[in-house]
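Visitor: Heads up: the protein sequence lines correspond to chains H and Y, in order. The first sequence: position 96 = 96 (the working numbering), numbered continuously. The second sequence: position 250 = 250 (the working numbering), numbered continuously.
Hints were generated in silico from the structure; no laboratory data involved. A hint or two may mislead.
As the list claims (entries may be wrong) - Think about it this way: if two alpha-carbon atoms lie no more than 30 Å apart in a straight line, the pair counts; the simulated DSS-like pairs of lysine-lysine are: (1) Y/Lys134 - H/Lys32; (2) H/Lys32 - Y/Lys137; (3) Y/Lys137 - H/Lys43; (4) Y/Lys134 - H/Lys43; (5) H/Lys26 - Y/Lys137; (6) Y/Lys134 - H/Lys26; (7) H/Lys32 - H/Lys43; (8) H/Lys100 - H/Lys88.
Quick caveat: nothing in here was measured; it's all calculated off a predicted structure.
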Amino acid sequence: MSESNQTNEAADATEWPLWEVFVRSKAGLDHKHCGSLHATDAKMAIQMARDVYTRRQEGSSVWVVRSDQIVASDPGDNEMYFDPAEDKVYRHLTFYELPKAVDHM
Amino acid sequence: MQPSIRVAPDPAVQYILRIGDTCLILGQRLGEWCGHAPVLEEDIAMANMALDLVGQARALLTRAGQMSGRGYDEDQLAYLRDERDYRNLTLVELPRGDFAFTVVRNAMIAGFLKHLWSRLLSSTDAELAGIAGKAIKEARYHQQHAADWIVRLGDGTDESRRRTEAALATAWLYMPEFFEADGVDDAAASSGLGPRWAELREPWLADMQAVLGEAGLALPAETAFRSTGKRGIHSEHMGYLLTQMQYLQRAYPGGQW
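In isolation and in its complexed conformation, chain Y is listed as follows (with noise of 0.2 Å):
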């Protein structure tokens, strides 16, 4: 079996993996719909989207194995990590659900990756601010697909309603992540590479606000539960979603289609 490979712990690196993880582990997650959406054209829509997701995943890993200094690819750094090396936020690395938990955690998502996309337009870091041109246009159109569901979902049938208000209700516990601030925020603050994640708060959840009030649902109340993912401290499900990921590079190093 291929053995894992460590990331440097440098706080520029984790800051870049942070994103590109919540890319990569989203995009696994979406990818799970392929041939199992409720209709043909939303199959299409969330294997497209997952595509977009592993695409920017492709970039900031690239991006983060060349400020490791290290040599690692892409590739290398998707496969080999083990579960405490992922910088991830929580959220993505939930089961997929039904698909109304689906387009809830999109919408927090895209959402989030919009504005941090944003502000990471003038990144001090070239490559990373050459990324997130490309990236912002995605995120808009996932932010806007996933809003348009929440919408219909929350204020559609009873069935649909009770079922967003639930997807609501987990995944809201997942969302203090995003914004708890720590040392890896503060030095991609002064050097420049990208905000406080704390600073996104705002204006992600006007966002929220506006969507969630369009479908007649309410804002739930923030708990005093913290998930830990963006530093590596994974919730039970992440072990088995990378046992399935990594498998083939795991098994058979270095294959290629």
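Chain H extracted, bound-state conformation (with noise of 0.2 Å):
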């Protein structure tokens, strides 16, 4: 595991941190990530994230989190991590015959 922002403190000291932003459509849906945009403190970036990703009405909640404050799987992990689960289909429901009482599932 890596943190997927390296902090580089060089461009730190003359650049804004980085938020990533998440929106959610309308109330009971989940916030999706939709982007990032650069701003010097919380309050700036959830302004500026309702400015840049909510101008045509896309979002009813607006999340922003530090980009570096993100931890991401290493690219290097994958064949370890993600590469099992293809020939485990039956992991996938479709193999089970629902009980008719339940088949509204």
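Hints given; two lone chains; assemble the complex.
Guide: Following this line, the structure appears as structure tokens:
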């Protein structure tokens, strides 16, 4: 595991931190990642997310998170992490016949 | 060239034009940041706010056109009047200046419009009350956006503080005009169209004091200078702004996208 955005001390001195933006299109749905932006602080990031990503009625709620706070899997681990799931189709529920009583699951 | 139109001196029409033209001209000035703002995100924010203001101006000019009884529409009123027939506050026609001046001006105007819209919610003119209901939400955001920037800049570096103080000193010269009383105000107050603008002074000043206090900036002293844009007598900058803003409709009458 490694951090997806390594903090670059030199860049931080002159550039505003990067934030990831998540927008919920309407109540009840998930917040979805929709992009990123630069802002000096959380309040500014929320305002800018509103201005940049919700100007066409895309959202009813906005989350922002500092990009350097996101921990991501290492692409070098992809074989070990994700390939083993390839031949385990039985993990999909399509193989089971449901009893009539729960037909609408 | 498309000739100019004149608007009746009816006080109710003048009252609405004062608000509509203030929105229109500030929208034009904010639009000048498009492609020039210090960062991409602010560029979009400025253009968003410019379009909010132009939207408010459209509704208000449409209403003024209906009330004037001459059948003028929003486009004719926006593009075919002469300088003396624009009734905006002088502050909004000043050149866009640096970013500090823009956010100081935005805070002053958005705060003013917010208090005005809140009173216009109960206007006897149902159309105007409806416009206020939509616009007050936009004004609240514009005020917050500008106020946050004043705090960041005032409480920021030596340069940002110096620029914000200079912007405040300039913009404040044009503040007394907001609250100057005259016959247009009196007529609106007695017909129930809207409040006397002098009544907005105290709540407006309280908002400004709160923001400037948080930014560590002093409230500037009021001077004797009185600007007169809302009576149609403008600064030297207005003519240049109108030349650019009106060019297309004057050169290509009725031109559309």
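Visitor: Going through the numbered hints above, which ones does this structure break? Give me the numbers in ascending order.
Guide: none
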